[in-house]
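Residue numbers (our numbering), protein chains in the order written: chain A, 1 to 353; chain B, 1001 to 1353; chain C, 2001 to 2353; chain D, 3001 to 3353.
Incorrect hints may appear among the rest.
[Unchecked claim] Sample of chain D residues facing chain C (criterion: CB under 10 Å; computed from the structure): (1) D3190; (2) G3193; (3) E3203; (4) D3290.
It should be emphasised that the hints constitute simulated quantities derived from the structure, not laboratory data. Computed from a predicted model, the values in this text were never measured in an experiment. Even glycine gets a Cβ: it sits at the ideal position worked out from N, Cα and C.
Protein chains: 4
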Amino acid sequence: MVKIKVAVLGATGMIGQRFVQLLEDHPQFEIAGLYASERSEGKRLGDTLKVRDHAFAPDTLDMRIEQLDVDRIADASRVAFSGLPTDIAGDLESRLARAGSAVFSNAAPHRMDPDVPLLIPECNAAHLDAVKRQSSFKDGGYIVTNANCSTTGIAVPLKAVDSAFGLEFVCASTYQAISGAGYPGVPSLDIMGNVVPYIKSEEEKMEAELAKILGSVSGGRFTDHPVEMLASCARVPVVDGHLESVTLRTGRDATVEEMIAALERFTAEPQELGLPTAPLRPVIVRREADRPQPALDVNAGEPSRARGMSCTVGRVRKKGNFFKMFVLSHNTLRGGAGGSVLNAELANARDLL
Amino acid sequence: MVKIKVAVLGATGMIGQRFVQLLEDHPQFEIAGLYASERSEGKRLGDTLKVRDHAFAPDTLDMRIEQLDVDRIADASRVAFSGLPTDIAGDLESRLARAGSAVFSNAAPHRMDPDVPLLIPECNAAHLDAVKRQSSFKDGGYIVTNANCSTTGIAVPLKAVDSAFGLEFVCASTYQAISGAGYPGVPSLDIMGNVVPYIKSEEEKMEAELAKILGSVSGGRFTDHPVEMLASCARVPVVDGHLESVTLRTGRDATVEEMIAALERFTAEPQELGLPTAPLRPVIVRREADRPQPALDVNAGEPSRARGMSCTVGRVRKKGNFFKMFVLSHNTLRGGAGGSVLNAELANARDLL
Amino acid sequence: MVKIKVAVLGATGMIGQRFVQLLEDHPQFEIAGLYASERSEGKRLGDTLKVRDHAFAPDTLDMRIEQLDVDRIADASRVAFSGLPTDIAGDLESRLARAGSAVFSNAAPHRMDPDVPLLIPECNAAHLDAVKRQSSFKDGGYIVTNANCSTTGIAVPLKAVDSAFGLEFVCASTYQAISGAGYPGVPSLDIMGNVVPYIKSEEEKMEAELAKILGSVSGGRFTDHPVEMLASCARVPVVDGHLESVTLRTGRDATVEEMIAALERFTAEPQELGLPTAPLRPVIVRREADRPQPALDVNAGEPSRARGMSCTVGRVRKKGNFFKMFVLSHNTLRGGAGGSVLNAELANARDLL
Amino acid sequence: MVKIKVAVLGATGMIGQRFVQLLEDHPQFEIAGLYASERSEGKRLGDTLKVRDHAFAPDTLDMRIEQLDVDRIADASRVAFSGLPTDIAGDLESRLARAGSAVFSNAAPHRMDPDVPLLIPECNAAHLDAVKRQSSFKDGGYIVTNANCSTTGIAVPLKAVDSAFGLEFVCASTYQAISGAGYPGVPSLDIMGNVVPYIKSEEEKMEAELAKILGSVSGGRFTDHPVEMLASCARVPVVDGHLESVTLRTGRDATVEEMIAALERFTAEPQELGLPTAPLRPVIVRREADRPQPALDVNAGEPSRARGMSCTVGRVRKKGNFFKMFVLSHNTLRGGAGGSVLNAELANARDLL
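Let the sequences and hints guide you as you build the complete structure.
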């Protein structure tokens, strides 16, 4: 089978290199080019490494970074995976879509656009069709975004809860890893032995994005889910893995056992379609007293599948009308590059590539 | 003025030594003896140091640890400050009270006893009178407990909220320091670069204790406050300072400015009585985007007063009917030894010593 | 081929479980039993996990811990791998040898015994023959020890230096990981944001062991190498990987390029014999300005071989008559269980099992 | 007494703010202006805080940053304390000296200039006279530098050793704190749970600077000390305090007790002159098995004196002809701003201001 040529934008950054990690050996996609800002032009990928826990192949490390030129990117590849920084992503992604590229972006600017799917295939695969309303679609170009890393981690289990019992209220406090800020990112003087209870715009993103993701789509138009959502975000001295303390109220009552069962049995389109990057179990429930932990569970998943794509839930408790649980996900895989690769796999399965 | 003789129980532990720190130079109390388990008998305090950020006086460091003998303790001192471990505190404190000691304890066993005040003088000074219902009181002995470190940190600002607007609902997620587990406490292999979302019995304590503290007392009998309280507790790699993400709903509506004003102007009996260990401002509100932080704010307070006794609140936000804020307090001072010293100062002001 | 039955002693500890990790799937050895102190008897291995970065097979996790009974161990297996604590290792290993077991120990007590090889197969394979002088050898029992983790890490590259240029003087300062102290090991209050410049007996071990390892053997009797060796040991907040700053003087002069070449081309018996756990390159030299680093290089090695068995050297510099370099090794694999597994493989190749 | 007006250059940086901390309340000096690069012009000092463990006075926090204008600085103050970054320090300090300022610099560019003292008053007070050979001296301007933070920490105890026994050979490995790299400095992704065995130019500085500092001066010309010096530098996850493992050989033999006595009794001009920032004991020797530690000893010194100005030595051992010891010093106080303030106090005592 001929593989689909893809570009990685922002290839010198943490998320860009997570894209490369997932695409190095992908059954459907083939990296046609690595792109970043002018000052990295000509550098070997291996001389810009940010990802530390993956052994890239020697050929991958020898790939050279090219400049971000819309026409050349669109010529060289069908798909563009974007790990671009916020300040340049919005405009450049729009121009790429107009030039005919299918853009799968980890960046924030287009997430809340009325015709751009904020896609998590386990949650809202039906949203993908909205791309047909994008003006660039007639020439084959469109934009699909994945969600913020903190949103994604809870959206998958919350979708399971919503499907089973109806979701009315969510209060989430995050314990976010430093890799979420990219590299160089968080100065060590700020975070060693400390917690910083602030991440710019993160709470607003979580609150707005969850409503869009869990919402419905009809005629390509999105309607927000009515869930009441309250987020508080903090950075902790952890390298990878966003842990979140989630308190929620459902519409229909349930026991703790029913809640766990609903989380564990949850699967959706990615699992049914057998998408290559989809975990077999989107949500893994741990029953130990003290899990999930970033150091132990961030790469949870099946050995045969891409690691870091399952969300791990633990400490499911009930008090009054509320459930409490802790949720962990890999912020730069499930909540970053992995989300967009999965989105592109769904688009491919739907013949949109 | 003759100072009141006090004993420190558990003097080789973290909380015990915080008691010593606060009592070394106290205007009303004088350390008459340091007590710990048999295997520490005869050791110099200086050879058992757990507290690292206080310079004890040479004479203090040379004090010798004595064995925990109820009769000798009761003979040598009027007051016993207890930093004993849970497993031995319950019984030993009861025996001390029967022997005539006024016991001010940081330990958990007696906190929920129906005639034992769970006392935070800024929140519930009126509860102190309940000691008169204790059977030992006729001989001068009684027990007063301070609250769990995580409860105390939020109870003070929540009392301010309750007084001003009525408190209906609280959802709190904690970021707790390792010093809360004492020494040796948390193994470094468990917590370095990690978060552990579990602290045994901590959530249950927070939920039960807050209702007792904010509750009323009448005829020496306590009635719980009806607040709905949901706690989730996690340990983070921070040395001192419990940070808590608090989401709450009030009975009467308020603006963010009114909420901040109510927190800032809050004072209570300890301030009115000028208790020596009371902070001038029980609640300090920070307006920066990214505060409070354990590394920066754990010792907040007035230079002229005991450090670590103020609670710091920051990021006061409102969404819908809910307020969100982060709260920080020093877990072994305000939330530990400092709480009990303040309790004893209140008892002294009320002529109970 | 029938595999040789082996026992793992101290199977609830960090080193014991590194043995299990390396033996789970070993081509020559098969785990016949897991042993630990009485209080762990009957527990599942999976309920005692200390090793966090290896995915044990479900069957392995379900193995039960048995009590340390010399006769039963000797009956059930030909080889005993010992990760026992120092205080019980000495006596129990002696009794096992007398009962006919071939004991490969990570413990310190027998390391300096005059007829016990302190064996690193890359350094002193010829020392193995000394087991024939042990009184238990006539019945098939004997003891072979691996070296201290800090010694092993530098002994391999220093052997390369000694072979090429003669080694006269070594000054080593260590940056040792917390996993070297086992579990629970180092309290987080002691090491977070800190360095502790003391590890009991470690410097003495390094100085004595290096001379024995690099020394000669004749007629089963060891003669120390005359190298002048000065060690200073410190613990740093790193999970795995001992980094060491090494300054050395050689007998014959060399250039930096010659030194690097000698380190890189170094191989010995384990590589010639193709021992299963031997790395293809015992010493890997990095040329970047800032390597080796524990976080990046601790698991260095060939993907096809057991990870964590190569030593990584970097920053090879020369000043006057001295060479300076940094050396990194995995303290619980190369410097722990992996060392003893390699020793047993050498014994097997020499028909001593 | 009228205080001497001083300028702080680089006042938005870590070292600049350590200058402010030490000068806020100084008996001889008074801050006349704070200066930094153009982009900080007009900012409140309090809005640029890098120093976290000092409570600046409200008036200090309200001081405004001015632009680095040589003429205005020279007009407004007699002394300029420079915490400027290397790339602009060299030229700007030269121009300030020509404009008549007495420049006391923490920056590296002029340290090895043949007529610039590399001054540590405890080590080489006689070097100060060399300023008279600087061409700008006739107009009152000159430059005095302090040493690199890693050099300073060991230079003070090594001076004591040299004076007592003669110093022939030093091998030093460092465990350096992140504050040494300023702010934002070291990315947390690089250093959390890691050691980085490389700090640009640091080893070369240590080797060259120690020889100049311990060297002699005659007719204003410096002659290097013949000590053989080998340095290896590494960064560890510690906030403040450079620990160094030092192995040394003396010219005359000594016992461990004699070595400790020589270190403890060492005082020099700063102590004799009673310079305000001088510690009473330049070298403090700890006898515990596991000291000095950054977390416990970085601020060692007398309560009545500026903290962080003593060097702490521990674990003094002897093997063969070599002594081993660990040395700790505060890298931004003793090894940074404090060093230059002490230098200016010496200049003042010598009527050079």
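Now the hints, each set against the structure:
The beta carbon of D/D3190 comes within 8 Å of a beta carbon in chain C, closer than 10 Å, and the hint placing it at the interface holds. Interface hint at D/G3193: satisfied, since its Cβ lies 6 Å from the closest Cβ of chain C, which is below the 10 Å cut-off. A cut of 10 Å between beta carbons decides the hint on D/E3203: the least distance to chain C is about 8 Å, and the hint holds. Because the closest C-beta pair between D/D3290 and chain C is about 4 Å apart, less than 10 Å, the hint holds.
Of the hints listed earlier, there is not a single one the structure fails to meet.
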